[in-house]
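Undergrad: Sequence:
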Amino acid sequence: MRANRLHSFYRRLRAKLAVCTVLFSTLKGTAFAQTQGPVKISLDEAIQMALQHNHNMLAARTTIQQSEAEETTANLRPNPSLFADWEYLPLGSPAKQNPSVYGGQSTSDYLHNNTEGDIGLSYLIERGRKRQHRLQGAKDITLQTRSLVADNERSLAFNVATQFVNVQVAESTIELAQQDLKSFQQTVELGEMRYTKGAISEDDFLKIKLQLLQFETDLQQAQLAREQGLSDLRQLLGYESVSADYDVAGAFDYQPVKGNAEDFQLKALQNRPDLRAAEQGVTAARSQYDLQKAQGKVDVTVQANYSHVNAINAATFYTSVPLPIFNRNQGEIARAKYAITQSDEQQKFTNGQVLTDVHDAYEGLRETERVVRLYRSGYLDVAQKDRDISEYAYKRGAASLLDFLDAERSYRATQLAYRQSLAGYLLALEQLREAVGVRSIP
Numbered sequence: 001m002r003a004n005r006l007h008s009f010y011r012r013l014r015a016k017l018a019v020c021t022v023l024f025s026t027l028k029g030t031a032f033a034q035t036q037g038p039v040k041i042s043l044d045e046a047i048q049m050a051l052q053h054n055h056n057m058l059a060a061r062t063t064i065q066q067s068e069a070e071e072t073t074a075n076l077r078p079n080p081s082l083f084a085d086w087e088y089l090p091l092g093s094p095a096k097q098n099p100s101v102y103g104g105q106s107t108s109d110y111l112h113n114n115t116e117g118d119i120g121l122s123y124l125i126e127r128g129r130k131r132q133h134r135l136q137g138a139k140d141i142t143l144q145t146r147s148l149v150a151d152n153e154r155s156l157a158f159n160v161a162t163q164f165v166n167v168q169v170a171e172s173t174i175e176l177a178q179q180d181l182k183s184f185q186q187t188v189e190l191g192e193m194r195y196t197k198g199a200i201s202e203d204d205f206l207k208i209k210l211q212l213l214q215f216e217t218d219l220q221q222a223q224l225a226r227e228q229g230l231s232d233l234r235q236l237l238g239y240e241s242v243s244a245d246y247d248v249a250g251a252f253d254y255q256p257v258k259g260n261a262e263d264f265q266l267k268a269l270q271n272r273p274d275l276r277a278a279e280q281g282v283t284a285a286r287s288q289y290d291l292q293k294a295q296g297k298v299d300v301t302v303q304a305n306y307s308h309v310n311a312i313n314a315a316t317f318y319t320s321v322p323l324p325i326f327n328r329n330q331g332e333i334a335r336a337k338y339a340i341t342q343s344d345e346q347q348k349f350t351n352g353q354v355l356t357d358v359h360d361a362y363e364g365l366r367e368t369e370r371v372v373r374l375y376r377s378g379y380l381d382v383a384q385k386d387r388d389i390s391e392y393a394y395k396r397g398a399a400s401l402l403d404f405l406d407a408e409r410s411y412r413a414t415q416l417a418y419r420q421s422l423a424g425y426l427l428a429l430e431q432l433r434e435a436v437g438v439r440s441i442p
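Under my numbering, the first residue of the sequence shown is numbered 1, with each subsequent residue one higher.
Mixed in with the good hints, there may be bad ones.
Restraint ranges, calculated between C-beta atoms of paired labels, are given here [said to hold, decoys possible]: (1) Arg370 / Glu175: 20 to 30 angstroms; (2) Pro78 / Ala244: 53 to 63 angstroms; (3) Thr341 / Lys40: 47 to 57 angstroms; (4) Gln179 / Pro38: 21 to 31 angstroms; (5) Glu175 / Glu45: 18 to 28 angstroms.
With a straight-line cut-off of 25 angstroms between C-alpha atoms, the simulated SDA-like cross-links for lysine to any residue are [said to hold, decoys possible]: (6) Lys385 / Tyr254; (7) Lys267 / Pro256; (8) Lys337 / Asp140.
Calculated directly from the structure, the hints in this document are not laboratory data. For clarity, every value in this text was computed on a predicted model and none was experimentally measured. Beta carbons are placed, not taken as given, at the ideal position from N, Cα and C, and that holds for glycine.
Sequences are here, hints too, so could you generate the full structure?
TA: Right under this line is the structure:
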């Protein structure tokens with residue numbers, strides 16, 4: 001009995017220790033997660049996640065697999081045809097139906113001597129290398145499909161970068177609004193104190209509070225823009241690939257770019273997947289033209305039969321060839337020839353479009369860069385200094401309220417405009433990357 005009680009005691013003790021271990025591990029994991037905070041991803045990581053998990057991108061890649069399956073279909077040979085028949089089978093006993101003729105025969109003798117059986121095999125021989133042309137045409141379409149999917153990846157990378165910059169400018173605006181709000185709240189407190197003591201009028205105090213409303217509105221709008229930007233970016237990344245509390249990481253700052261439009265245009269001609277797809281479209285159109293010419297070649301059907309007729313065994317061989325008097329596939333040959341011209345013109349248009357895209361993106365980048373440099377050349381410092389001087393003078397009674405509020409509004413407008421200009425520059429840089437077709441731009 002004592003041994004049983006000890007065994008029961010140790011069993012309960014082990015169970016309690018196990019529960020404590022689980023609770024400790026859970027609390028430790030929770031604390032670790034809290035110290036880690038939300039996952040932060042860089043722009044390059046965001047693009048890679050989108051390329052791997054974006055559902056539209058995954059769906060587009062299946063077109064490559066579909067095209068490869070069509071290659072298998074194009075390379076198949078025609079199936080042979082097998083046929084068999086057994087004719088003149090009696091409905092009932094032959095001896096009973098016509099005893100004068102078949103009275104001495106059994107049913108098996110009748111089937112052997114008086115019926116006909118045939119079995120044969122036929123096969124279509126394709127001429128003009130039709131199968132080889134079908135396969136080559138399917139392979140050319142697969143190559144073009146791969147380039148079109150790569151072009152979808154280029155567009156996806158640009159969309160991800162655009163949303164990423166939108167989140168960055170929203171977070172930068174939040175930081176500015178929080179700083180302005182914190183600083184101006186001190187001004188409001190000082191104004192309320194001065195109003196209570198009768199140093200300023202109620203009208204001046206209300207003007208100060210109204211200015212505070214503007215900073216609070218800026219903060220709310222920036223927070224909304226950030227939440228919406230993160231949500232839209234998450235959809236591009238693949239909704240299930242990141243947690244809801246993720247964030248972006250990266251410097252929201254000016255990035256100088258070296259190079260001229262001609263160098264970027266040359267690089268684009270070498271790397272743009274849509275131009276490569278247009279060039280491959282010309283090759284595919286020519287393959288289809290060759291295939292249609294091969295389709296105009298007549299095919300030959302050969303057939304071999306074995307027959308058993310009235311106790312006689314016989315073999316028969318057939319060959320059939322259609323006479324190309326009316327239909328020589330001339331319509332499809334002409335259509336395929338015009339399709340080559342169409343593809344060639346589309347390729348030339350795409351070539352010009354690539355050069356135009358790079359030129360426009362480069363000019364847009366340089367224009368936004370000039371604006372950003374203007375702000376960074378001293379105007380930001382001027383706005384900051386003007387606001388600080390006006391605030392210092394106002395708090396000591398050396399400047400009017402209107403002068404101080406005007407300096408505050410100028411500072412806010414300058415800072416917001418600079419952030420918008422910087423965002424415009426970064427977006428123009430992404431536009432240039434998309435136009436060139438590569439992420440690595442010097």
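Undergrad: Going back to the hint list, which numbers does this structure go against?
TA: The structure breaks none of the hints.
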